[in-house]
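Colleague: So you can see what is in the structure, the chains are spelled out below.
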Amino acid sequence: MSANKQEFTITVYTENQIGLLNRIAIMFSRRKINIESLNTSPSEVEGIHRFTIVINETEDVVRKLSRQIEKQVEILKVYYNTNEEIIWQELALYKVPTDEIAEKVKVERLLREYGARAVVIRKDYTVFETTGQREETDRLVQVLEPFGLIEFVRSARVAIIKGSNSFHEKLKEFEETEPSEEVIENEFLDKQDEVFSM
Amino acid sequence: MSSIEALTEKPAPRKKAITSISGSAAVLEAFLAEGVDTIFGYPGGAIMPIYDALYDYQERLKHILVRHEQGGIHAAQGYARSSGTTGVVFATSGPGATNLVTGLADAMIDSTPLVCITGQVFAHLLGTDAFQETDVINITTPVTKWNYQVTDATEIPSVLAKAFYIAKSGRPGPVLIDITKNAQLQKFDYEGYTPCEHIRSYRPKPIVRKEYIKEAAALINQAKKPFVLFGQGVILGKAEKEFQAFIEKSGIPAAWTILGLSALPTDHPLNVGMLGMHGNYGPNVLTNECDVLIAVGMRFDDRVTGRLDKYAKQATIIHLDIDPAEIDKNVKATVGVWGDCKETLPLLTEYVEQKTHSEWLQKFKDYQAEEDKTVIHDELHPTTDQMTMGEVIDSLNELTGGNAIIVTDVGQHQMVACRYARFNNTRSNITSGGLGTMGFGLPAAIGAKFGAPERTVVAIIGDGGFQMTLQELGTIMQAEVNVKIIILNNRFLGMVRQWQQLFHDKRYSFVDIASPDFVMLAKSYGIAGSSIEDRKDLKSTLKKMLEHNGSYLLEVIVGKENNVFPMVPQGCSVSEIRLK
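Chain order of the listed sequences is A and B.
In this text, residue positions in the first sequence follow our numbering: the first is 8, and each later residue adds one.
In this text, residue positions in the second sequence follow our numbering: the first is 72, and each later residue adds one.
FYI, nobody ran anything at the bench for these hints, they're computed from the structure.
There could be a bad hint or two in this list.
[Said to hold, decoys possible] With a straight-line Cα cutoff of 27 Å, these simulated BS3-like cross-link-like pairs (lysine-lysine) come out:
id: 1; chain 1: B; residue 1: Lys276; chain 2: A; residue 2: Lys71
id: 2; chain 1: B; residue 1: Lys413; chain 2: B; residue 2: Lys381
id: 3; chain 1: B; residue 1: Lys631; chain 2: B; residue 2: Lys444
id: 4; chain 1: B; residue 1: Lys276; chain 2: A; residue 2: Lys179
id: 5; chain 1: A; residue 1: Lys12; chain 2: B; residue 2: Lys381
id: 6; chain 1: A; residue 1: Lys78; chain 2: B; residue 2: Lys233
id: 7; chain 1: B; residue 1: Lys444; chain 2: A; residue 2: Lys71
id: 8; chain 1: A; residue 1: Lys39; chain 2: B; residue 2: Lys320
id: 9; chain 1: B; residue 1: Lys436; chain 2: A; residue 2: Lys84
id: 10; chain 1: A; residue 1: Lys71; chain 2: B; residue 2: Lys413
id: 11; chain 1: B; residue 1: Lys615; chain 2: A; residue 2: Lys84
id: 12; chain 1: A; residue 1: Lys84; chain 2: B; residue 2: Lys384
id: 13; chain 1: B; residue 1: Lys281; chain 2: B; residue 2: Lys233
id: 14; chain 1: B; residue 1: Lys239; chain 2: A; residue 2: Lys179
id: 15; chain 1: A; residue 1: Lys84; chain 2: B; residue 2: Lys281
id: 16; chain 1: A; residue 1: Lys39; chain 2: B; residue 2: Lys400
id: 17; chain 1: A; residue 1: Lys78; chain 2: B; residue 2: Lys276
id: 18; chain 1: A; residue 1: Lys78; chain 2: B; residue 2: Lys309
id: 19; chain 1: A; residue 1: Lys78; chain 2: B; residue 2: Lys631
id: 20; chain 1: B; residue 1: Lys285; chain 2: B; residue 2: Lys384
id: 21; chain 1: A; residue 1: Lys39; chain 2: A; residue 2: Lys177
id: 22; chain 1: B; residue 1: Lys381; chain 2: A; residue 2: Lys39
id: 23; chain 1: B; residue 1: Lys381; chain 2: B; residue 2: Lys281
id: 24; chain 1: A; residue 1: Lys179; chain 2: B; residue 2: Lys651
[Said to hold, decoys possible] To list a few chain B residues with every Cβ distance to chain A over 10 Å, as calculated:
id: 25; residue: Pro114
id: 26; residue: Phe193
id: 27; residue: Pro213
id: 28; residue: Phe259
id: 29; residue: Asn292
id: 30; residue: Lys309
id: 31; residue: Lys320
id: 32; residue: Thr387
id: 33; residue: Pro395
id: 34; residue: Glu414
id: 35; residue: Gln425
id: 36; residue: His428
id: 37; residue: Asp465
id: 38; residue: Lys615
Note that the Cβ used here is the ideal one computed from N, Cα and C, for glycine as well.
Same shape as in the complex, but just chain B (with noise of 0.2 Å):
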């Protein structure tokens, strides 16, 4: 025996009870210990041993039959991101898991975590073309934290412990398992569930090292214009708190990505908004101006930075960050902080001095009073005949008071809700981030519901993006899902226009999008809703649908030609952002 063995080779597992199960019963075994209670999914010929097994399992786990699969992925991630766990996905092989691969590359690029189970094909029949076989391993490999095929039961009760485990820890993400159909058939000697806690070959957190804190920490004490941008990691990492006794302590600023949203309640005093190509003015210009910068559990996005070249040249820069290959990926960091924030953020708050930055921060103040004038004040209380988007955020705020959960599309009402929604509470603002997947809204908005059903769910869409993924109001019929949608029809494909309009010398090419009726679609699918293209009409409908007792739709006619400011063009440095 090689050393290497003696090393691996494990101490017995204390005997458990043995009984025979089929495949399929084990992968709702591990749902149920892994403590699983919703499921989004779509049945279909390979994965129809699941389904069956799941009939006997229906008092136990709760399945939401979604009408198309992409509509099941991100529902699931609409719950991981409400519940803070993992979302759970039924798909079929061939189309089926096909229809999850834009989901898939969200959740990879949102790091959502999801398990997602695709039947397939007979093992026998692989690789011949059989009917619905499509080489999902393969397809999914680059839009996956891990994938496995499954060709014998035996396997499923560890290769799920692994993909549960894989999926949440770390920088979470998705993980797609696909079993044969006969695997999901084949009786096998059950043993129980191990859950997993360690692979040799994943290290999913580092053991934090505190010279860098201490590093971190001494530019931080010297800084006199001190910056903190946050990202996602700060809520995946469930360090809310611990980020917010860090910037209290030394009293600096902070600004948000729109995936870190939500995390810092939008009237904290240090809250100085959104970063990126239609953050706020502030935050975007001050970049360019700090001495020291320091990211927090985000990953430089181009629509968040601009132009690299001249992105915070000025400033020494502290990444702190779960994921080693993000520090230096895209901005080069003068100390890095690998490490889990809830670890790395307590150490940094005990070295740094307690301060205050008052002058620097009524900079950022002083900005905000230019961007109030020349951008939120017409924005947020137009003079014009038509609605603004921005003014029916606004009186959703006054009427939610901050504490709803906002899901949104993708595209100017997604910039204008994360401008304007005000929040009190974490992991209430679900968006697309990184993959910016129109279609996502809907979908994800039930999933949200189904992760935080005491809370009030609000999705605000665009007319393109819901007529993407509409099939799903099937789903919130028949599951009785109570979530209000208010649509904000401009009658185009807003971003694109104003894209057009700004860079392409106004030639509106295909952005004028025809909408069907969409209170009388709702209704035939048994969902109150109204439209409104009046002023005086906008409070009281939303305390109404707020009101209403079930799902509701509400469409809201906005100016056809509006534009979301400010604005970092493309290719353009975050100081150089356009006020209109």
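Next comes chain A alone, as it looks inside the complex (with noise of 0.2 Å):
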């Protein structure tokens, strides 16, 4: 277990209720930990909700802070990751004078070598779009201040676990009042050190 602080992404898996976002919310701001980025999203389970949260903390912290949230009663399972660990993107929308584009930088070259997607060009502006990792997104913005960056704007994280299967099959354990014995309910007893959930 590290002792330093790193980037996780932590994925909630929820009932679609009123209020849970300021339930899961302030078990952060408690601890005064910083959410570098919060997505919320259906997941692939029709009425359960998916929060996507990246931090930057220790994984000791990274671990409690999942069991409380997990125990949260609305809450249905909460698994937390290492970058390595999971497929993730973000989006990123950039807005720059179509003039400024069109005479100084040649746009083709720009759209291939950053992946970028032109959504908008208007006479006075264009609008770029790109699907990346935080360092990708970010060198476009550099590339494109001196050309008068108008706006940019960059989603959350949204990101899929490498090692997960899918959630219907937790979902059907969940639901049964009286658990099999089949139910791995001490899971998070059985891998202490390195464990994915509770």
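Combine both chains into one complex, guided by the hints.
Modeller: Quick look at the structure:
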């Protein structure tokens, strides 16, 4: 277990309930932890929501937090992963004056190099879109800044866990009133040091 | 239809007679179905429809009108703790609801099952800064196990069923349901009440895994100096007998947290005393000498552990808890046993060998003898003119025989009461442990009496804490509650003063507190009372108090600058405990 802070992505499966965002968010603010990125979206299971939260912390703190979040009544399951264990992307939009772009940089080259896509091209401005990881989207900001970048926005991270199974199966277990013996209830105790979830 | 829909589809419920009732009546029907008999509450604008419905339920539901919502929720906590059931509270919107917050936080940290119903403004007024509107759900989120706002009456039966289920199952805690006034008034087709038994996103307890029990048992069987720490989990799990069987078979000395107090009779030969900052000498010192530490239903609070990096580092730790978030939270467990101790303890007992650890137990006794000589003897049999808190508790023990419920407030008197009160029965010590809420004692004692009407309830309160919720004398008067109140008056905010003396060069900053004439105050509420300062009056007045028919307030003037010892100073290890 590393005592150093690093980026962790916390994936939270929840019921679709008003107020849950607050219940989750205060778990972080209570410990004075800054949320780097937070995304809520539907999941692969109908009616089940999925929060993707990125924080910079030690694994010890992340594990404790994950357990405290999972303990909340409407939370079904919490996973936490390092960047190596996930596939993740962020989306960024850039608005630049069309003149500048057309005159000073070769738009074509830009698009190809950064995998950007022009979403809107108007006489006065152009909006580009890129999808990628933080460094990639940040690099394009640097490139575009000298050309009068008007507006920049980046979405929260969305992430897929490399080693996950479908949540459908897990949900089936949760729906059982009397969980069968096969339901692994103490799984977090099995792998105390490399726990993946509680 | 997706597979999940197919999965969640429930068989059609049996047809029940359908009648049209109001949301308010549905709340009260839910209470009856859940076996509620006593409600602590205070009416107001946004909860008036529920109070109107209550008018017709007076024969079946006892409502205790408190004098402040904080008093109401502490009373419900006292009720829940003495009875082992769920406490129920009514409050109105806005200030009524915000006045509950301290009690919710207290119940949350001390795992007390409560269902609190707050009125709320009409749904169409939400978010408009309406009269007595406050965002109760968001205010109470961090201090509730679950909360929910109802805006449609048809939700009430299922939401209340969930509320009671969540409050009392697993690790218990407070639940708050906020009901808008329109939902209280709304009539709907009521199909009866079905208790909740399962929520897919909530697993109150796991299936116990035997391999961890076996691992734990193997460690215990090899131990030369095993030591058990127990907390309220034993009481909440109703596992007192199972716990006793476990320590008796394994022969392991056991020490308690202040919330675990009374789960094991005081005079049990393996009961070695209190843990923590003002706990007993032996349990604190020997925490850092034992080889296997077995924690049962306790959460290693900082007041119990002192400095964590010097806490039981030599020991193998076994932690039994129903809340997986507690395992490894403060102290890393070698073996974590996740489960209800009602189930885990008997399994563990089965696998441990019958043993006695007389030499090891003797070590506790040796430390006890030293503490007796240095601290306890002077506290219980002082030679000073002024009385000590300890001798009051000691005399009380003699008269109650250890059979009373002792409710304490927070401060020096609380530590002294926990240290010296004797208990024969479980659910007999009611105190605010985790939150340390001054003002808890008096209202909690009222609730405790309703929760256990056949028992003697003695509230032991300081002069500071008493003045925080003394308005509840009005509740005692009106509801004719038979509680015995002892105010241990040292004319100081004693615990803060003690810290100022020891750690702030005796700079007594705002701890000198004046008090009213408590006896005259009680008298104005029709409560009998007396005040004593002389040791020779102590036993006779205590006797008079206990024999008095009805509530009684006894003020005992005690030494002004007495300190509670032993003490583990903040930032020190448990083995650095000071005797003076």
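Colleague: None of the hints should be skipped; say for each whether it holds.
Modeller: Verification of the hints:
1. B:Lys276 with A:Lys71: holds (18 Å)
2. B:Lys413 with B:Lys381: Violated - the C-alpha atoms of lysine 381 of chain B and lysine 413 of chain B are around 31 Å apart, more than 27 Å.
3. B:Lys631 with B:Lys444: Between lysine 631 of chain B and lysine 444 of chain B the Cα gap is close to 23 Å, so the pair holds against 27 Å.
4. B:Lys276 with A:Lys179: Answer holds: lysine 276 of chain B to lysine 179 of chain A is near 18 Å, not above 27 Å.
5. A:Lys12 with B:Lys381: holds (24 Å)
6. A:Lys78 with B:Lys233: Holds, because 16 Å separates the two Cα atoms, which is no more than 27 Å.
7. B:Lys444 with A:Lys71: Between lysine 444 of chain B and lysine 71 of chain A the Cα gap is close to 43 Å, so the pair fails against 27 Å, i.e. violated.
8. A:Lys39 with B:Lys320: Judged against 27 Å, a Cα distance of about 46 Å means the pair is violated.
9. B:Lys436 with A:Lys84: violated (48 Å)
10. A:Lys71 with B:Lys413: Judged against 27 Å, a Cα distance of about 25 Å means the pair holds.
11. B:Lys615 with A:Lys84: violated (58 Å)
12. A:Lys84 with B:Lys384: Roughly 33 Å between the alpha carbons, so the hint for lysine 84 of chain A and lysine 384 of chain B is violated.
13. B:Lys281 with B:Lys233: violated (30 Å)
14. B:Lys239 with A:Lys179: Holds - the C-alpha atoms of lysine 179 of chain A and lysine 239 of chain B are around 25 Å apart, at most 27 Å.
15. A:Lys84 with B:Lys281: Holds - the C-alpha atoms of lysine 281 of chain B and lysine 84 of chain A are around 24 Å apart, at most 27 Å.
16. A:Lys39 with B:Lys400: holds (17 Å)
17. A:Lys78 with B:Lys276: holds (11 Å)
18. A:Lys78 with B:Lys309: OK: lysine 78 of chain A and lysine 309 of chain B at ~22 Å, within 27 Å.
19. A:Lys78 with B:Lys631: Violated - the C-alpha atoms of lysine 631 of chain B and lysine 78 of chain A are around 46 Å apart, more than 27 Å.
20. B:Lys285 with B:Lys384: Holds, at roughly 23 Å.
21. A:Lys39 with A:Lys177: violated (32 Å)
22. B:Lys381 with A:Lys39: The given pair, whose Cα atoms are some 26 Å apart, holds under the 27 Å limit.
23. B:Lys381 with B:Lys281: violated (31 Å)
24. A:Lys179 with B:Lys651: Violated. Lysine 179 of chain A to lysine 651 of chain B sits at ~60 Å, over the 27 Å cutoff.
25. Pro114: holds (26 Å)
26. Phe193: holds (18 Å)
27. Pro213: It is violated; proline 213 of chain B is separated from chain A by about 5 Å at its closest Cβ, not greater than 10 Å.
28. Phe259: Check passes; 21 Å lies beyond 10 Å.
29. Asn292: Holds, because the least Cβ-Cβ distance between asparagine 292 of chain B and chain A comes to about 20 Å, which exceeds 10 Å.
30. Lys309: holds (21 Å)
31. Lys320: holds (24 Å)
32. Thr387: holds (14 Å)
33. Pro395: At roughly 5 Å from the nearest Cβ of chain A, proline 395 of chain B sits no farther out than 10 Å, so the non-interface label is violated.
34. Glu414: Given that every Cβ of chain A is farther than 10 Å from that of glutamate 414 of chain B, nearest at about 12 Å, it holds.
35. Gln425: It holds; glutamine 425 of chain B is separated from chain A by about 28 Å at its closest Cβ, greater than 10 Å.
36. His428: holds (28 Å)
37. Asp465: holds (42 Å)
38. Lys615: holds (49 Å)
Hints 2, 7, 8, 9, 11, 12, 13, 19, 21, 23, 24, 27 and 33, counting from the list given before, are not met by this structure.
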